[in-house]
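Based on these hints, arrange chain B on the given structure of chain A.
Residue strings, one per chain:
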Amino acid sequence: MPRILAVEIPGNRPLPYALRYIYGIGPTLAAKLVAETDLDPSRRASSLSEAEINQIAERITANGIRVEGDLRREVAGNLKRLQAIQSYRGMRHRRGLPVRGQRTRCNARTRKGKVKTVGIQKKA
Amino acid sequence: MSRSLKKGFYVYPSLWKKVLDAQQSDSRRPIRTWSRSSVITPEFVGLNMEIHNGKSFFPLHVTENMVGHRLGEFALTRSFRGHQSHTQKK
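Quick note, the sequences are listed as chains A and B, same order.
The first sequence begins at -9 in the numbering used here and counts up one residue at a time.
The second sequence begins at -18 in the numbering used here and counts up one residue at a time.
So that you can see chain A by itself, here it is in the shape it has in the complex:
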């Protein structure tokens, strides 16, 4: 299994798909990277030579794309700032409720997680 940027170990999938295993690289960026490095998109990640791997890594850094730890830290920092300034969005993040004004009467399960019944407790 090849490694790109020290930690990434994408599998035996075609390049545009394998690159998406890197946190911060989605379909569009993956396709763009493959095009910029003039690699054949149908090739598997395992068939890459050392030089080609370096080429991809170089494109990522040269384009100023933030991936993996850097990106995760940036996102965490953004959340932290919102929470530190006591903004509405920060509070919603802290409580694990939807942040962008969605209803919470029903649904909102992505944020709220699995259904936990609250409210009326029947007396025995």
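Note that these hints are calculated values from the structure, not bench results.
Since the structure is predicted, the reported quantities are computational estimates derived from the model, not experimental observations.
C-beta atoms are modelled at their ideal positions from N, C-alpha and C, and glycine is treated no differently.
Any given hint could be a false lead.
Far from chain A, by Cβ distances over 10 Å, these chain B residues were calculated [claimed, not checked]:
| no. | residue |
| --- | --- |
| 1 | Lys(-13) |
| 2 | Lys(-12) |
| 3 | Ser8 |
Restraint ranges, calculated between C-beta atoms of paired labels, are given here [claimed, not checked]:
| no. | chain 1 | residue 1 | chain 2 | residue 2 | range |
| --- | --- | --- | --- | --- | --- |
| 4 | B | Ser60 | A | Gly1 | 20 to 28 Å |
| 5 | B | His64 | A | Gln73 | 20 to 28 Å |
| 6 | A | Ile(-1) | B | Asn29 | 48 to 56 Å |
| 7 | A | Arg95 | B | Ser6 | 42 to 50 Å |
Below, chain B without anything else, positioned relative to chain A:
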């Protein structure tokens, strides 16, 4: 969707005047406002605001981190204190 940059930021005009005055005179007195949709600009930093939440005024000391947010984001309009307990009810 965010606001078009062409239009610039929005601050309620009379509030804007008060902010500039307070900034110049180094006033500590809080500025009361109902304009929750006004954007906090760098000029607001360090001022004390009182933002209406629909019922009363919520005191807020503006810090640098808040620039770019709107005043209303800091003064919550709802007070949820949990669901009523049904235990006493017969």
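Report the numbers of all earlier hints that the structure fails to satisfy, in ascending order. 4
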